[in-house]
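Engineer: The listed protein sequences correspond, in order, to chains U and C.
Residue 4 is where the first sequence starts when you use the working numbering, and the numbers rise one by one after that.
Residue 986 is where the second sequence starts when you use the working numbering, and the numbers rise one by one after that.
Hints may be right or wrong, so weigh each one.
[Stated by the list, open to error] Listed next, with one range per pair, are the computed distances between beta-carbon atoms: (1) U:THR99 to C:GLY1325: 37 to 45 Å; (2) C:PRO1218 to U:VAL36: 37 to 45 Å; (3) C:PRO1218 to U:ASP25: 40 to 48 Å; (4) C:LYS1000 to U:ASP60: 34 to 42 Å; (5) C:VAL1295 to U:LEU104: 21 to 29 Å.
[Stated by the list, open to error] The list that follows gives simulated cross-link-like pairs (lysine-lysine, BS3-like), each with its CA atoms no further than 25 Å apart: (6) C:LYS1418 to U:LYS139; (7) U:LYS139 to C:LYS1010; (8) C:LYS1418 to C:LYS1355.
[As the list claims (entries may be wrong)] To list a few chain U residues with every Cβ distance to chain C over 12 Å, as calculated: (9) HIS7; (10) ALA24; (11) ASP25; (12) TYR29; (13) LEU80; (14) LYS95; (15) PHE123; (16) ARG128; (17) ARG131; (18) ASP144; (19) ASP154; (20) GLU159; (21) GLN160; (22) ASP172; (23) THR177; (24) GLY178.
Derived from the structure by calculation, the hints contain no laboratory data.
Note that the Cβ used here is the ideal one computed from N, Cα and C, for glycine as well.
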Amino acid sequence: MAEHRIFGLFADFDQAFEVVADIRRYEVPGVTVDDVRIKSPIEHPEIEDVLGERPTDIPKWAFGGGLFGLVFGFFFLAGAQANFTVQPQGGKPVITVPSNLVLAYEMLILFAVLATLVGFIVGARLMRKRGPFYDKAVSLDQIGIVIEKVDDIQREQVRALFAKHRVIDVFEETGT
Amino acid sequence: MSDTATKHLTEVQTKDIDENIAWAKINEDVLRSMENPRRGYWIAMAISVALFSIMIYAEVYQYIVGMGPAALNTSHMWDLYISTFVFWIGMSHSGTLLSAILHLVHADWRKPIYRFAEAMTTFSLMTAGIFPVIHLGRVWNFYWVMPYMTDRGIWPNFRSPLIWDAFAITTYLTSSVLFLYIGMIPDLAICRDHAKGWRKKLYTWLSLGWHGDDRQWRNFRITYLVIACLLIPLAVSVHSIVSMDFAMAIMPGWHVTTFPPYFVAGALYSGCAAIITLFILLRYFFKFEEYMTFPILDKVCKLTFVISMVWTYLNLVEFASVWYGHDIPSKEVLLAKAYGPYAPFFWGMIFCGMILPFSLLSNWVRRNMKVLFVVSVLLNVGMWLERWMIVTPTLSLSYHPWGWNVMWPGWVEWAMVGGSFGWFGMLFLIFVKVFPCVSMYEVKEMVFHRKRTVYEDVDEMMVLHSGTPSAADAGAAKPGGS
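Next comes chain C alone, as it looks inside the complex (with noise of 0.2 Å):
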């Protein structure tokens, strides 16, 4: 679309969906941008290989050398490496979190843009699963972590809040996953439709004889929703979970019964901002700008606006239980964190993640692209601060004397979290090539209720004021909308 025709949609564009687009072009439109993405597309692929490849390098080098290059050492035995992953965790959160909240509510509005969120989930959570792997030094144990049956009768220990992430994130990852496919299912039957070659025999085996009559629909309908209620629960649950690792730690800063309800706020608030920034993308690689509109997207900002002023509620909670607090300690690294080496990151934590949320206030920031793109992206770079945050000066002011020390990441750590962002961009940006990342069918539905809403809301003031033929009847609602 030029971008004459882009700032003319800017513009005029105040419904969240235009509910006179033809089914048939839905279709159209879908199945194009999975053949012919912008030259975008293939920059943000070439960079995410690019990252990833040198994480690749990195773990290598590490693998053979040891954990001395990624700086860890006995007192801090996490830091970026868990940072991250907390980070990737948090990210997981919005994406089918928000879709099942929102798909229980009714608010049709997700339905251009949950397809997407929802596979963030799945990949920000495949990425997180990478980092404790890394951290463990001893890669080719992880699956120690697993219970299951040796001859010697060795189990892990079920007390721990490590093993309880392995179950939660194991449970998260399969449920996220099922939940995105099986919402997917009907639009892969219409890919299967129009599709040649080896797309055809895959999108063939994975809709599995999917052909639209109303048991499938009805079926379909009552697990989808039966799986967002299983998932509501599940979600919070893993973020709490995660938040065990620090809060059931005998550590100042970390030991705080708050930690589970802000773990869950923050992580709700990264994916949200994430979800602005993919949405942003995917408008401009694929040429969204009829679906992925102007009011779909402000409204995800006010809820991201919302998330931010929760997350910021918990935070100053936190702050203020630990500088009213009786435990020195804790105060102690309160403290260490505004005045001390790290007081940079910490106030840079402040500004993106607490002060910079009041500019989605503005109308202006809203609707322009390239800002609120940029402005979601320093959300981010909050948030992971904010990790960051809670791990490292917690380890560097322990309890201990001889713990205390200041760390910085060595290349390694830096090489590994930067190709984070390259293996998820990866594998998300396969995704958006490979199946339709706008919910074909769930648009239709969208438009059509929209229209039928249209013509009530005229039929019943036609009938009102002049008694004349209401517009349904004069055939002008076409249920098929095409």
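This is chain U alone, in the form it adopts within the complex (with noise of 0.2 Å):
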């Protein structure tokens, strides 16, 4: 049986959680919440109340990107001095922990940056070469859902749902 994305563009938030919630209320049979996807041109506050908490690993990125720079600047520091003695210490150590530091601190915040990027990237699902099912209305004023994994059978039930929320537009794309 032929898998189907539905894509329906709506003109305001409430009427795109209304469909949201028909599919909580099991309107569609066989079609959960975990399959709905909203495109929208803001972030709203309460899109993640009414899909349910989905949550992100970007805070467990910035942590690994920081440890490693704060581990790494140190010892790299540390290494390049205890091979380098013959620089003036001027009564100094050879390894100064407190100039170090500093410097350790620095590698921390870039490495957390870094990592966090990559973390977004990843998490987002950016830079992907299967095009998204999308619309620029959506970067205008319009709200998207986007239904997955919809069969010839629920594509008629997801349609008649979306026509009962006053859909402006729908879009399918067929899959296998």
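The task is to assemble the complex, starting from two chains supplied on their own in separate frames and drawing on the hints.
Structural biologist: If you want it as structure tokens, here you go:
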């Protein structure tokens, strides 16, 4: 049986949220809220309440990057100093902890920021080859709802549900 | 917009933004600004290019002839180059730092103005970075400051605050560019959807395939928050480290423990003043009267006044601690600033930096764009003089009598200082022409939330007083706003 993706455009968040509420009430048997994605021009604060909590790993990426930066930064500097003892020390230790901590702190921030960026690209699924189901009305002022993994029977039910909530436009993509 | 319409807007604007602006209009206005700026934009660009050309000429001349025409010598090895470096580092502070702080405290009035402020940070840092390289004299060896492996096993001296500078500024520049870029991704997707030709290719590449789904927004929000949290301590550390270039040196007037907070306050102060200047210019160039509104400008002015008072206090603390201390050379330097050959510049700094900010208390000044523009420029003149008065008087009156001499900058130094404004202006003006300088998606959010708040208030009032159907029930509150 062919698998479809259906994309409906709505005029505002209320209509889109009503569609999701109906899906939560199992008005389309077999389609759950986990199959639903909302596309919007802004991040509505209630999207998470409507779709349910979907955690992200960004803080872990930031923590990992920061920890790496701190440890790598300190040992990189200490290693460089330990291998360059001909440098005039001015009576100070070869490996100076206070000054190295200043630089290690900067490395902590740098690697935390870089890791956060990587985490964002991975977590948000950016830079994908597969073209997104998208219409530029979403970047203007309309709200899109994408429902994944819809079979032939559910397709008609989803279309009817969209129509009930005054959908502006509907697009379909058929996969296998 | 005609002068009459502008005057009308000035009189009636009481809200940060009109919550009835349609989302489509926000896109339209901002995208149009990237196509058709006023003639003033091109005049500003021409002035910037001219100043930058003079800088290039001066640098080539200095490269061929040596450091003599800049009037640098053994005791005066820094002077205007490092003063201007500190000035531009300071200028870079308000953009990203204020944007991050205001983001964390949910001050939504930052939304129409933070983009250009963050761009200001990036380009100020790129301008600041030029000066340590120029002042080296042997510019071709600038990369020696970076820690890289060589077969001779030579490393920089990591105990030197100058190396800390290199690390801190590189980190701050990288992080600020990423903060600016990440915050711009949803807007780049909007540009991608409406552009043609080379712009379409550029925005498609830079928007990374953004299509605004809930997964992307969720990750975006947390990423932006995390980077904002990381940037606040970073920004403070950067200017603290720059202050240590001076405070770690045993020189009269520099070896002061209050220098780190003093530098950070000064940085915020000059950055805020620069935000006012650029706010006024962009509002005029791109006809952004509906987004860069008087109430927002009012808030920036009040913020600038508060920070100026913090800076003034720290300045007076520094003077008092030198005056009541027992370090005679430091006291000599302070007196030389007030009564010596640099006195006009010192008192100019006092006037522009400490007295002029009181004009921001006047409602008339805050509402008069031309006067405010002049005031904001003078505030930054004061801040530039402050940096000059930190560097040069100390070098002219240090502990060694052989170094006692008054130094006046040569034409090459002045050309470099003027050219740096040209370089900054050029980069900034190119940026605002290629990228949206008002955040479209965040202005939409601002409008959306403010409209909802208004209708929620109306709902409550109607239910309380008459029991009539609420505005939202009647279909008046259309969240799409269009």
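Engineer: All hints are to be evaluated individually against the structure, with a verdict given for each.
Structural biologist: Status of the hints after comparison with the structure:
no.	hint	result
1	U:THR99 to C:GLY1325: 37 to 45 Å	38 Å, holds
2	C:PRO1218 to U:VAL36: 37 to 45 Å	39 Å, holds
3	C:PRO1218 to U:ASP25: 40 to 48 Å	47 Å, holds
4	C:LYS1000 to U:ASP60: 34 to 42 Å	39 Å, holds
5	C:VAL1295 to U:LEU104: 21 to 29 Å	28 Å, holds
6	C:LYS1418 to U:LYS139	22 Å, holds
7	U:LYS139 to C:LYS1010	15 Å, holds
8	C:LYS1418 to C:LYS1355	23 Å, holds
9	HIS7	18 Å, holds
10	ALA24	15 Å, holds
11	ASP25	17 Å, holds
12	TYR29	21 Å, holds
13	LEU80	5 Å, violated
14	LYS95	7 Å, violated
15	PHE123	4 Å, violated
16	ARG128	7 Å, violated
17	ARG131	6 Å, violated
18	ASP144	4 Å, violated
19	ASP154	22 Å, holds
20	GLU159	24 Å, holds
21	GLN160	22 Å, holds
22	ASP172	15 Å, holds
23	THR177	19 Å, holds
24	GLY178	18 Å, holds
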